[in-house]
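All chains should be built: construct the whole structure from the sequences, respecting the hints.
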Amino acid sequence: MSNTRRLWLALATLLVVSFSVLLWAGGEIFRAAPPMPERVMASNGEVIYTRQDIETGRQVWQSIGGMQLGSIWGHGGYVAPDWSADWLHRESVSLLDRWARDEGTPTYAELDEEIQSALRGRLRKQMRTNTFDPGSGTINVSIERAEAMANVAAHYVSLFGNDPATAELREAYAMRDNTVDTLAHRRALTAFFWWTAWAAGTERPAGEGQTYAPDRSGVSPKVVTYTNNWPAEPLIDNTAPPALWVWSAFSVLFLLAGIAALGWHHAVSHAAGEEAHTPPASDPFASLR
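Using our numbering, the first residue of the sequence shown is number 1228, and each one after it goes up by one.
Incorrect hints may have been included.
[Stated by the list, open to error] Now the in silico label distances, taken between C-beta atoms and shown as ranges:
#1 E1341 x E1273: 33 to 39 angstroms
#2 T1277 x D1464: 27 to 33 angstroms
#3 I1370 x D1464: 21 to 27 angstroms
#4 T1466 x N1389: 33 to 39 angstroms
#5 H1497 x R1232: 15 to 21 angstroms
#6 T1466 x E1337: 24 to 30 angstroms
#7 W1474 x D1404: 41 to 47 angstroms
It should be emphasised that the hints constitute simulated quantities derived from the structure, not laboratory data.
The structure displayed is predicted, hence computed values, not measured ones.
Glycine residues also receive a C-beta, built at the ideal position from the N, C-alpha and C atoms.
Structure follows, in structure tokens:
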């Protein structure tokens, strides 16, 4: 078999394997994608967001530059924040502060460490529990969480408008006044941001999204969120699983190994046939002085 034929065969094999992996991974991503709810409803029956709100919000986000202005799930620009992580953190803090006031303390940060730990456990359960009903397409949230969502939504309506209260923050994020032109579009944008935060902090149904992590009993399966516990949020124990770090490191090592293999192939294939370079007898630039 000629060298050219071997190279074509290697290229064909590489393409078949690569596209097979891409098709398999694409199918898994499609199958395990976070659900788009028909409605988000509080326990008192109030409809907070609808599917149309979320889809309109996504279009609004795309119209203002999408990933050029901040990021979603870690993908995008880094001048503005990751909106899914920002919403998740703000909603968590809002809930903790609400419960702190129930304890007679103005904010969560002023509570004793023991009470803080108990409230974090309560927060983790409320935020990570999957309340999506596939039959009706409804995500159900508590009245307390609905109030926290309203607080965060008000912040974003202010931020993407021209409210002087958030002018300094807009400058820090390189945002102009009225980044989103109408109140209706700003409200729709909050629906999209909330949905991305919900997917980042909500655990997948049992058996659909497990990873494996070491603990005292050995290696055991752990349930992860729709986005594989990413972005991180320590308040609800949203930390990247070991598998994420392993595959990230493996992909970098595989890339470096591929580059090394190409360099080795070039050296083996061409070094023997290359003529030695003979240096000139005199400096060719000497006459230019």
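Worksheet item: In this structure, is the beta-carbon distance linking E1341 and E1273 contained in 33 to 39 angstroms?
Response: holds (34 angstroms)
Worksheet item: Do the Cβ positions of T1466 and E1337 conform to the proposed distance bound of 24 to 30 angstroms?
Response: With a Cβ separation near 26 angstroms, T1466 and E1337 satisfy 24 to 30 angstroms, so the hint holds.
Discussion item. Tell me if the beta carbons of I1370 and D1464 are separated by a distance inside 21 to 27 angstroms.
Written reply: holds (24 angstroms)
Practice prompt. Please test the hint of 27 to 33 angstroms on the beta carbon pair from T1277 and D1464.
Written response: holds (30 angstroms)
Worksheet entry | Beta-carbon spacing of W1474 to D1404 - inside the hinted bounds 41 to 47 angstroms or not | Given about 42 angstroms between the Cβ atoms, the range holds.
Discussion item. Taking 33 to 39 angstroms as the stated bounds, is the beta-carbon spacing between T1466 and N1389 within them?
Written reply: 37 angstroms Cβ-Cβ, so the 33 to 39 angstroms window holds.
Worksheet item: Do H1497 and R1232 keep their Cβ atoms within the hinted range of 15 to 21 angstroms?
Response: holds (18 angstroms)
When the structure is compared with the earlier hints, no violation turns up for any of them.
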